[in-house]
Amino acid sequence: MSTSVLHQAVERSARRFGLTDLALPPADWIDLAGADLYEATPDSIRSATGAAVDAHQADHYTRRPGVAALCARVAERLGELGIATKLEHVIITGGIAEARFLAIRAYGEGRAILLPPSAALEDYPVLAQLSGATVQQCTLDNLPAVPNALLVLPDPDPATGRCLTAAQVARISAWAVAQQALIVADMSLVGLLREPHTSTPIAADSAVAGQVIMIGGFNDLPGLDAWQVAWCAGPGALLGPALELKQAMTICSPAVSQYAALAGGAAERAAVRAARAERVAAVTALLDRIGVPYADPATLAYVVADVAAFGGGAAVAQRCAAHGVGVAWGAALGDPAHIRITAIAAGLTKGLARLEAALSEGATQS
Amino acid sequence: MSDSATPARSVRVPDELRALAANGAALRNALTELAARTPDAIALGRGDPDLDTPPHILAAANAAINAGKADVPMPPAGLPELRAAVANRLRTERGIPVDADGVLITCGGQEGLYLLMQGLLAPGDEILVPDPRYSSYDQAIAHSGATMVPIATEPEDGFDLRPEVVERAITPRTRAILLITPGNPTAGIISPPNLKAIAELARKHDLIVISDEIYDQLVYPPAEHLSIASLPGMFERTITLNGLSKSYAMTGWRVGYLAGPPAVIDVLTALKQKISARVAAPSQYAALAALTGPQDCVAEQRAIYLARRAIMLRGLDRLGLQYAPPHGAFYVFADAASVGISAFELSYLLLSEAKVLIFPGTAFGERWVNWLRISYLQPAPVLEEAIERMATVLERYS
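Heads up: the sequence lines are chains L and A, in that order. The first sequence begins at 72 in my numbering and counts up one residue at a time. The second sequence begins at 281 in my numbering and counts up one residue at a time.
The reader is advised that the hints may include incorrect statements.
To be verified - Here are the simulated SDA-like pairs of lysine to any residue, each with C-alpha atoms no more than 20 Å apart in a straight line: (1) A/Lys554 / L/Leu93; (2) L/Lys421 / L/Asp406; (3) A/Lys349 / L/Asp125; (4) A/Lys554 / L/Thr205; (5) A/Lys476 / A/Gly438; (6) A/Lys554 / L/Gly89; (7) A/Lys635 / A/Leu314; (8) A/Lys476 / A/Gln419; (9) A/Lys349 / L/Ala146; (10) A/Lys554 / L/Asp107; (11) A/Lys476 / A/Val445.
It is worth saying that the hints were derived from the structure and are not from the lab.
With the rest of the complex left out, here is chain L (with noise of 0.2 Å):
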């Protein structure tokens, strides 16, 4: 047991905030499991970049709340979205942990946090923990009277990837009209969606839009995991405690990546969408072979399987653990048969041989 000060300083902190020891994975793991797509950043966007290093645009601190052309990118997509911002209303963040992280702490103190079971694909529990606000439960099919609640709307889920259809989005926008609540819409997978599947952004109503933050990343272009870039979003009016909060915790985020990702286009996106359609593809045709379902994938990174003939979701995922494969299970994916499985780029062949193997010895002893 460790008694000095600093010892006994962050183990309180550990347990307010609910913060689990970090076990590194074992070597040779294949993380099937999270959101990392582990694909390569195209040579375009690495010489464009280049360029921008050698020009010294990434030696100094940018634009606080990022790059300007980087910014009004963010804003013309929001806008084919059908949501009207301003380069302005743009924050560039440290990837999109870090605009969870701003969304939820700036906004959510004093008020309810409202968190639908598949916010805890993306830590939002514990964000809402160290923002020391209160956290509610609850079904977006359902949602309580919870005057000034923040609610965290991830659309398109990140649990099975599908969007809220445009009778939801309308109840929910009443909703929150009614209980004058704020909406963090999570967006992050936007980019990643499927044909023929697409979004009604909640932003995109104009009697909800003045109350909802948006956060999203640059997933549409390939390779930029690493590199830690992302955006946060929203009315001005709303967003000076989000850009307050930048400031004071990291001022601004990496040049360098801010460049990465200005670098990418069209061209980048059209062609990583055929090859994530592929991966995808690889995955379905190993479940069709192995006689395992799945829904219709509703994006271009995650399947949603039903393993219950096989143990069902914790079994699975421990025999994959054993056999240096993570996949993703758990209340969150909302039936305790399924588990989610991410269409990475390096290493899906070896993970779904991994995988294969330990949905036979499941099925051996079903």
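Using the hints provided, position chain A relative to the given structure of chain L.
Same frame as chain L, but now just chain A:
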């Protein structure tokens, strides 16, 4: 020198700026943005070195990017080679007994500060912070729920921290003391005898020490830097905070680090993983090159700042502004009481009429109503030009 005399005259300042007068970080940002919109303005405000990141660091970053190394998500605590390089530097140059597993890589020193406040403090705690202070501490401390207790430093002491003043501020609720040497905004250092006495106080009262050493490589002789974590019995109660931004002109890359006992770093790493996951991979390769490559660039930049400091001090002498001699960093904290206009208003006046951006002392503590923080992060001719412009305006208002 004066710190609280009532200014004799007032200047018309836009209401939107005046509304921010009590919020140090917001005021600094607003003035910086105003300067950016002012054609031909000379910025002596932010602590962002104007010098370029050295070419070997840029080359290494580009090599890592082109080799695909930057595509691979980093472990939450940071690139192992970078953690080892940080530990090696702290051991060999600062005498801090830390290994790689006692290092956490952060998104600039600023994130390190934020993590420390959330990870070490809780509601009901008090943390002692020298006054004047880098006001970005404020929100980080406020978010922890702890209370910031200012410890006065005085210009006649060169803004050194007196142990007896520290001890008077300690209460049963005091959990930690934050030290920054060289200081921001004062550029003063905590002298080794005082630092040793403060270490003794920390041991006696069982306090955590947070040692912000972001300017440790920018100390000007005869002053010397001493890391408190290198003193006997101090490593176990100290977290040392540092980064690459100031010493290597790398503010845009956003790489800092925390160093301390490994079990403590483990919890801070878990906290970082929740808050921001990890530091950008390309930036970590740039930082690795900075720490493991040739170090001539640090000495070269220090020599440039030293020459600029001389220009700035001559200029302040000419303007009749008093100051405590700066021993490090790239700031001068100067007393403008003789002008007869509050520092807040004087800052606006200098920006609007002289087109020179300088931060008022009130951005670093309520008490410093007559003081200005001037950074000398401009080439020598530009500094000379700034002084000329300031002289013109001050003569008009004197």
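Each hint tested on the structure:
no. : hint                : result
1   : A/Lys554 / L/Leu93  : 11 Å, holds
2   : L/Lys421 / L/Asp406 : 27 Å, violated
3   : A/Lys349 / L/Asp125 : 18 Å, holds
4   : A/Lys554 / L/Thr205 : 18 Å, holds
5   : A/Lys476 / A/Gly438 : 17 Å, holds
6   : A/Lys554 / L/Gly89  : 11 Å, holds
7   : A/Lys635 / A/Leu314 : 10 Å, holds
8   : A/Lys476 / A/Gln419 : 29 Å, violated
9   : A/Lys349 / L/Ala146 : 30 Å, violated
10  : A/Lys554 / L/Asp107 : 15 Å, holds
11  : A/Lys476 / A/Val445 : 14 Å, holds
Violation of the numbered hints given earlier is confined to hints 2, 8, 9; the remaining hints are satisfied by the structure.
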